[in-house]
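**Q** Chain by chain, the residues:
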Amino acid sequence: MKLVSAIIKPFKLDEVRDALTGVGVSGLTVSEVKGFGRQKGQTEIYRGAEYLVSFLPKVKIEIVVDDSQVERAIEAIQKAAHTGKIGDGKIFVTPVEQAVRIRTGESGSNAL
Amino acid sequence: MKLVSAIIKPFKLDEVRDALTGVGVSGLTVSEVKGFGRQKGQTEIYRGAEYLVSFLPKVKIEIVVDDSQVERAIEAIQKAAHTGKIGDGKIFVTPVEQAVRIRTGESGSNAL
Amino acid sequence: MKLVSAIIKPFKLDEVRDALTGVGVSGLTVSEVKGFGRQKGQTEIYRGAEYLVSFLPKVKIEIVVDDSQVERAIEAIQKAAHTGKIGDGKIFVTPVEQAVRIRTGESGSNAL
Amino acid sequence: MHKTVLRIGAPLACMLAFVPAVSAADKPQIDTGDTAWLLVATVLVLMMNIPGLALFYAGMVRKKNVLATAVQAVAVAALVTVLWFVVGYSLAFTDGGGLNGIIGSLSRAFGKGLLGSVHDLAKTVPENVFLMYQATFAVITPAIIAGAFAERMKFSAMMWFMGLWLLFVYVPVAHWVWGGGFLGAAGVLDFAGGLVVHLNAGIAALVCCLVMGKRVGYGQEYMAPHNLVLTLIGTSLLWVGWFGFNAGSALASGELAGSAMLNTHVAASTAALVWMAIEWVARGKPSVLGILTGAVAGLGTITPAAGYVEPWAAMVIGVAAGAVCYWASVVLKNQLGYDDSLDVFGVHGVGGILGSILVGVFATRAINDVAKGQPVGLVDGNGGQILTQLYGVAAIAIFCGVATWIILKIIDAAIGLRVTRDEEVEGLDTALHGERVQ
Amino acid sequence: MHKTVLRIGAPLACMLAFVPAVSAADKPQIDTGDTAWLLVATVLVLMMNIPGLALFYAGMVRKKNVLATAVQAVAVAALVTVLWFVVGYSLAFTDGGGLNGIIGSLSRAFGKGLLGSVHDLAKTVPENVFLMYQATFAVITPAIIAGAFAERMKFSAMMWFMGLWLLFVYVPVAHWVWGGGFLGAAGVLDFAGGLVVHLNAGIAALVCCLVMGKRVGYGQEYMAPHNLVLTLIGTSLLWVGWFGFNAGSALASGELAGSAMLNTHVAASTAALVWMAIEWVARGKPSVLGILTGAVAGLGTITPAAGYVEPWAAMVIGVAAGAVCYWASVVLKNQLGYDDSLDVFGVHGVGGILGSILVGVFATRAINDVAKGQPVGLVDGNGGQILTQLYGVAAIAIFCGVATWIILKIIDAAIGLRVTRDEEVEGLDTALHGERVQ
Amino acid sequence: MHKTVLRIGAPLACMLAFVPAVSAADKPQIDTGDTAWLLVATVLVLMMNIPGLALFYAGMVRKKNVLATAVQAVAVAALVTVLWFVVGYSLAFTDGGGLNGIIGSLSRAFGKGLLGSVHDLAKTVPENVFLMYQATFAVITPAIIAGAFAERMKFSAMMWFMGLWLLFVYVPVAHWVWGGGFLGAAGVLDFAGGLVVHLNAGIAALVCCLVMGKRVGYGQEYMAPHNLVLTLIGTSLLWVGWFGFNAGSALASGELAGSAMLNTHVAASTAALVWMAIEWVARGKPSVLGILTGAVAGLGTITPAAGYVEPWAAMVIGVAAGAVCYWASVVLKNQLGYDDSLDVFGVHGVGGILGSILVGVFATRAINDVAKGQPVGLVDGNGGQILTQLYGVAAIAIFCGVATWIILKIIDAAIGLRVTRDEEVEGLDTALHGERVQ
Ligand SMILES: Nc1ncnc2c1ncn2[C@@H]1O[C@H](COP(=O)(O)OP(=O)(O)O)[C@@H](O)[C@H]1O
Ligand SMILES: Nc1ncnc2c1ncn2[C@@H]1O[C@H](COP(=O)(O)OP(=O)(O)O)[C@@H](O)[C@H]1O
Ligand SMILES: Nc1ncnc2c1ncn2[C@@H]1O[C@H](COP(=O)(O)OP(=O)(O)O)[C@@H](O)[C@H]1O
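Chains as they are written, first to last, in my numbering: chain H, 2 to 113; chain X, 2 to 113; chain P, 2 to 113; chain A, 177 to 614; chain B, 177 to 614; chain L, 177 to 614.
Because the hints were derived from the structure by calculation, they are not lab data.
Note that the structure is a prediction, hence the values are computed from the model and not measured.
All C-beta atoms, glycine included, are put in the ideal place defined by N, C-alpha and C.
Accuracy of the hints is not assured; some may be wrong.
Just some of the chain B residues that point at chain A, by a computed CB distance under 7 Å [what the hints assert, rightly or not]:
1) Ile206
2) Ala212
3) Val250
4) Ala254
5) Val305
Chain H on its own, in the form it takes in the complex:
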């Protein structure tokens, strides 16, 4: 099993979720994060004090999938989250050794 994490633009969340369910991913977990990268932030001005807000709002999606699903999931995310403008985000894949469904105690792929 792998954990596929994707950092995307917030307004793409619904599209990415739909794309993922489209390729058979049945569950995902989302968090609000702030990203720093090539995309430049905004300047805010308050009574003459300027702030360069370098952190931009992003959304992180985490899905744990069977090894066999990884490629499809990455593809689905990339397509749905793509706008072609700087700041579209990243996808990272890390290994998962074990998974448990709390409700039933099932583990491994059955837990997903």
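Once you have looked at the hints, place chains X, P, A, B and L with the ligands on chain H.
**A** For chains X, P, A, B and L with the ligands alone, coordinates are given in the frame of chain H:
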């Protein structure tokens, strides 16, 4: 060392924390997340516009523990977070290669 | 590639970001989390009801870097986030198998 | 506001009778109690707008647009106040001579000649207080429209629109109904602004929706109100402030003000309960937004009738308001498919029309003897008043609709009405004002 | 509100003396200044409830219950207004003939006969204004109770409870004290509602806590107020609105209103400082919630006394309010172990009892000559007034306690009082209203 | 407030003329309308402070300091009210005999002798109402200062500072200008507090910044306002409440109150638009905070002039306010480098000075015949008034600056002014009050 991540129902947080400290886990990190899965979301209605809110509030707990503690931690979480209803959540285990305590510079198991 | 996660005190965020860009890290993702550990929480009192708030506000930084950069990144974080008081936080390193830049489809180190 | 002030045993009258030496004939007799009430009513109506309306709307948008939505009411207050003082009041409330059917004169431009004067509609109150009171009506009417195009209009275009709409729509319509123009002369009754304020703003809102199109993602994305606590505060301040709006429109402190206040409160409460009940039955749950919207619908609908009808009739009007505005905002809007972000047409426009017609049904000389002893509305035996009211509704709706359309088209051609798609997605707070709520 | 209006050199009096021809004997003499003040006081007391009380409570609950808590005050305002207009006012404030000791008549049901009339308690103000002013008291009293069962009552049960409690508890008690009933006749003094409003709501709140039981997780889970900024706004609006409550209860604009306002402000300020000081010493830190609660305790406690005592006595009452209500809310509640979510009993109930007794101590004819020149309270030399006050406290506490208990039991049997455990855990905003704050 | 009340055909006057028998000579003639307006104005000015100012400031700080910032206005209200009642009012507003140029007497301490009395400045209103009205000014002036040292002062030090500053700075300055002291005698004009309130608070604020130093991280860390919705609510309540402040300062209900209200509204609106326009040109975007700050600058600047100038002059004053306060808060502050957290000096101090000088330019007997028919300001032909005004500005600025500095130094030596660095980093809500907003 392993990273044990658990996605649970928010109101179970205090019980899970107590269970984990009960089995010797001395630190944990928590984030508010939104989950999508088998559990169906709520319908919200605003002046005739219906929204199916498919993302539900969940809490993600992350603990890094010694390999020897993994099983006990999983068990503790599963027991404490269990309600038996859909949406109880998941536990995932991933490998950790290194850990450092910022205050002291200690590393490995000593850092936990 | 590795994922370096650091849990730090919130007011250290800007310093850590600067330290990381100083050692060549070009992107990072930040989330607000709550931490539980050795550092003891605060007591809040509301009309005679006392609450020990054991979770403290922390910030989690995640960076994915080339293997060669891991040591430098850890060092940079540790130096910048250090106050010497309990609760300074932890750094964890986990393996990353793949990385994709959504905008271009580049993968591996090029995606970072 | 066309009305005779019913005051029992008025002290002024008796003083005048006994003190002819004070040359009372030339100097207006200011009543400190009436003036105190109008000063306060002015405060209340301004409070309806800032922060009332600002919060009412701000709570219903998405978080990324909360500041941009709320600040509209403030910026409009500033702009309209200046325009009103410079020419608006004068054009609306003075005698226009030959053109008086259509528009007033410039004789009070820049507040000229206010000192020592009273307006004919409020003879016991200094005219500068009357100007201020009317200023708050002029402020809130365009500000109401802003709910229709929330989350997508440029700030610059909004300011141009508000200024032009005030001068070319609000000012003439106020003159027609209250300032001596042809609708007032024809006997159209509008106690506190069912036609001038609510219908007028509602029609303009509908035209704005149609001209500007829907928000990006409308009907697909999650656009639920981000913080109804703000909307609840806003509704509450609208409610309490509306006593200044309706009871203040008696333009004196006395029984008529009391009638208007009682009617306002009963209608708002009834409409809130009716909306709640319908939703409870139809949807299984009474929503907070529904209860709040019902109250506002009741307040808007009773406005033209507040000082003309008996309180039992206010209750009937409240029932009608709750049911009809619910249908307009929930059923009709979805069928027609326009995107009136915050339901300005469904609540204010429909409520204004409904209330203005019901004035023709329920107005009675027992409350306000505007026809000098003759029957006033249908309940008095004068069914014709309903037609007179319909005439007023039609005249203003058509004029406002056309004029609003022209103003929008001109602004669109000149500088564009909408923000870019990217700005809309990003959110107006940062895009237009460089600020955000954390 | 049992009081003689002290007005120095009243203009009306002198006018009447010189103008007998106006047939002043039959027609009530409306004073525009008194009427203006009552119109405004009505606005202020409604604002205390929405948004004041709504926010005061909403800030103290957990975020998942904020909308459900805030909307209670709005829904109660709508419901009570209608009931008050239909029968409540009439039963409370008219002469009940043979039953007058207990209850009034239906002669003013549906606002019948209001026109051209004044109420005996406010002879210079149109009766429809008096009805509206009293409506706001009828609204806020049940709304105060809602803090006791916050975060666990069904919305439907809440609405039934509020309606029944209004008719079967508030209305008779208001009649007993202010409307001509047996307590007023026995000389019980309650200037603005220490008995009728605060004690009454406080006792009902206590019964609600006992009948309904504790919240799930009470004493174990983190239930700290989620946003005290809301509570601070609410307290502030309660404070400023309370001037309408207490100074408005003079039912005229003049020196007595001034005395009531000054006493109110001094007592609130003193109690806030006292609560702050006690907490600072006892806990090491003065909490924001403590300062706010102290102010509300002072406001509640001075209410029955506001128009009877000298301002130095208001300061003494403020000290007592801060200390005693602190003890009741912080010490006593924890010892007894009931879950009064937002301390309605500890603040309003205890404050109401305390203030009502202290009226017997500090009331003086120098401020309000209610006994026609005879001594009023202990400071005037009439210690018996304390017993009279205790009689009023006991009568209302017992009646209210029993009646509230019966109403709750009936509703519980019929439809159940509490939400399910799952709904309580999920939060009332989504469970009851299908909405939430983001 | 030094002014003759312009009332046209005043009913009191004519009654006195015809009814000598009522022994009008000894008993003050209370006017119910004037009294009603002052009662309301009192409510409005208190509402400016809580929740107005509390929210205005709370929205601009970082989230970790929101409660600590907001509660300052509440705690100051409580403290100042008590001090004002005990000695403050008496020292400020009674005749000090031989010392009258400098300070009043203790004859009204603890509200002694209020009953049946009126103050010379408001002869138709009970003195207890006048005391209450003035109490709200005494409350808000120190509360304004708190914006300067927000996010870093100890709560205990803040309370000591406020109490001492009230007694040793506000009270004498109020006496000098309004209470019979040397500045009023010298002809210095200050209608509603440009000198006594805004300049005074602004200078104190500047001294506080200089003595206390900058916030940790100032100029490096992100310190943007965390929630401008709160600031928008606060500004709105300041705006509507300011009508009580300025129009209430007419101390009667009539045309002068109307003039003050109109001037206030026009100046605020104009200044908001000017600040918006400057920022739009200079920065590319009109910020919400800018529009709000512009309005407050306009309100502060018109304050000393509100009841002396014609409305066109109010518009000119609004333009000056927007431009000059923008420059002071945005350009000058950054050049000088002090950390005035919420720009108290730039907005209130500079606005107070500017407005007080412009009184000398625009004051006219047409609005307020304070010089008994002689020319008042430069527009009337009396350029010397500008010098008189400058004299007032200088006297108060110097006294206030020195006295504030001494008070701060004493408190710093005794208990320390600032929280520790760790507490400042942690946030004042938890550090000082053990509470936080979730
Ligand atoms: N090395 C990294 N580790 C973790 N997160 C990263 C990294 N680089 C970028 N990100 C995340 O991806 C987001 C987008 O990256 P950015 O460099 O702005 O543009 P792009 O995705 O087009 O390369 C960032 O805001 C940040 O959240
Ligand atoms: N494949 C997955 N990857 C990541 N998170 C998941 C995955 N499946 C479920 N989750 C998380 O677990 C939560 C519970 O899952 P759900 O399918 O609703 O019920 P259950 O836990 O009973 O199987 C989801 O809300 C989501 O946050
Ligand atoms: N085993 C762990 N797994 C995950 N997070 C941890 C763990 N131990 C500590 N943390 C995180 O690190 C933070 C700091 O830890 P703490 O024990 O308080 O102090 P220190 O960092 O000085 O050891 C905690 O608040 C928590 O967020």
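**Q** Are the hints correct? Go through all of them and say.
**A** To see whether the hints hold, each was checked on the structure:
At about 6 Å, the closest approach between the beta carbon of isoleucine 206 of chain B and any beta carbon in chain A falls short of 7 Å, and the interface hint on this residue holds. The restraint placing alanine 212 of chain B at the interface with chain A holds, with a minimum CB-CB distance near 4 Å, inside the 7 Å limit. With a least beta-carbon distance of about 6 Å to chain A, the hint placing valine 250 of chain B at the interface is held under the 7 Å criterion. Checking alanine 254 of chain B against chain A: minimum C-beta separation of about 4 Å stays under 7 Å; hint holds.
Given the 7 Å rule on beta carbons, the hint for valine 305 of chain B holds: about 4 Å separates it from the nearest Cβ of chain A.
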